[in-house]
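Colleague: Input sequences plus hints: build the corresponding full structure.
Respectively, the protein sequence lines represent chains E and R. Letter by letter, the first sequence follows residues -17 to 95 in our numbering. Letter by letter, the second sequence follows residues 216 to 327 in our numbering.
Incorrect hints may have been included.
[Claimed, not checked] Cross-link-like lysine to any residue pairs, in silico, SDA-like; alpha carbons within 25 Å at most: (1) R:K268 to E:E(-16); (2) E:K53 to E:E(-13); (3) E:K4 to E:H(-11); (4) E:K87 to R:A254; (5) R:K224 to E:A45; (6) R:K268 to R:T327; (7) E:K40 to R:K268; (8) R:K224 to E:E65.
[To be verified] Partial selection, computed: residues in chain R whose CB lies under 10 Å from chain E: (9) Y248; (10) K255; (11) P257; (12) L260; (13) V263; (14) Y264; (15) I271; (16) R312; (17) G313; (18) Y317.
Hint data in this document are derived by calculation from the structure and do not stem from the laboratory. Ideal Cβ positions, reconstructed from N, Cα and C, are used throughout, including at glycine.
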Amino acid sequence: GENVEQHPSTLSVQEGDSAVIKCTYSDSASNYFPWYKQELGKRPQLIIDIRSNVGEKKDQRIAVTLNKTAKHFSLHITETQPEDSAVYFCAAWEAGGSEKLVFGKGTKLTVNP
Amino acid sequence: DTEVTQTPKHLVMGMTNKKSLKCEQHMGHRAMYWYKQKAKKPPELMFVYSYEKLSINESVPSRFSPECPNSSLLNLHLHALQPEDSALYLCASSQARGAGQYFGPGTRLTVT
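Modeller: Below, the structure written as structure tokens:
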């Protein structure tokens, strides 16, 4: 089955800096990669996603890149703000097997004012 | 309406109780999910319904019993739970399997 590795587990940046979170996946059949932001005590919120036929997608300050050959995808946040502080989860849709989302272990991002 | 709603927000139950968690979405999504989330961990899939039929049961103990009465509603019936079942229970829905999943706010369950 699919396995998703996420790094780093914690990330601390200064306000205004960029943050990058990286994930690798194992199943080459996986074709959909969402990112979720979860603030303390709140629901996971879908913030951006990418399909395997696209290499990059942007939405304002956030972007996701996908390298199918290397089987890795990354979340980029520019001009970070304190409200970006949260746990971020990457996930991969296991298309060929049980057809479910497989999550990474999460990255706790802290943006220091 | 672009939200998934869940009730109750909090639930405390004894090991002999029977209770139900409820989830509702009005986005016309045809796939609905139950996840369990422990502190500092990712959501862990329990059940998937697709077009109101159970399509995935991730080997969940029978003390958890899902039900999908119609395309907008999803229930999780709880019976004879254990303290280790205490967690945040999240419902999610998506337009179809393999599309973006939208989570409800969750039910914080404590089993005493």
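Colleague: So, Y317 of chain R near chain E? Judge it on the closest CB pair being under 10 Å.
Modeller: Holds, because the Cβ-Cβ distance from Y317 of chain R to chain E comes to roughly 6 Å (cut-off 10 Å).
Colleague: Next pair to validate is K224 of chain R with E65 of chain E; report whether the Cα-Cα distance is within 25 Å.
Modeller: Within the cut-off at roughly 24 Å; holds.
Colleague: Could you grab the alpha-carbon distance between K224 of chain R and A45 of chain E and see if it respects the 25 Å cut-off?
Modeller: violated (33 Å)
Colleague: Is the straight-line distance between the alpha-carbon of K53 of chain E and that of E(-13) of chain E 25 Å or less?
Modeller: holds (11 Å)
Colleague: Between K4 of chain E and H(-11) of chain E, is the straight-line Cα distance small enough, at 25 Å or below?
Modeller: holds (5 Å)
Colleague: Min Cβ distance, Y264 of chain R to chain E: is it shorter than 10 Å?
Modeller: Cβ of Y264 of chain R sits 13 Å from chain E, so the hint is violated.
Colleague: Double-check V263 of chain R for me: the hint is only fine if its C-beta lies closer than 10 Å to a C-beta in chain E.
Modeller: The hint holds - V263 of chain R has a Cβ within 10 Å of chain E, the shortest such distance being about 7 Å.
Colleague: Take a quick look at whether K40 of chain E and K268 of chain R sit within 25 Å of each other, Cα to Cα.
Modeller: violated (35 Å)
Colleague: Can we keep the G313 of chain R interface hint, with Cβ of chain E closer than 10 Å?
Modeller: holds (5 Å)
Colleague: Per the CB criterion, is P257 of chain R less than 10 Å away from chain E?
Modeller: Cβ of P257 of chain R sits 4 Å from chain E, so the hint holds.
Colleague: Check whether the Cα positions of K268 of chain R and T327 of chain R lie no farther apart than 25 Å.
Modeller: Violated, because 32 Å separates the two Cα atoms, which is more than 25 Å.
Colleague: May I ask you to test the interface hint for I271 of chain R with respect to chain E, counting a Cβ-Cβ separation under 10 Å as satisfied?
Modeller: Holds, about 6 Å.
Of the numbered hints listed earlier, those contradicted by the structure are 5, 6, 7 and 14.
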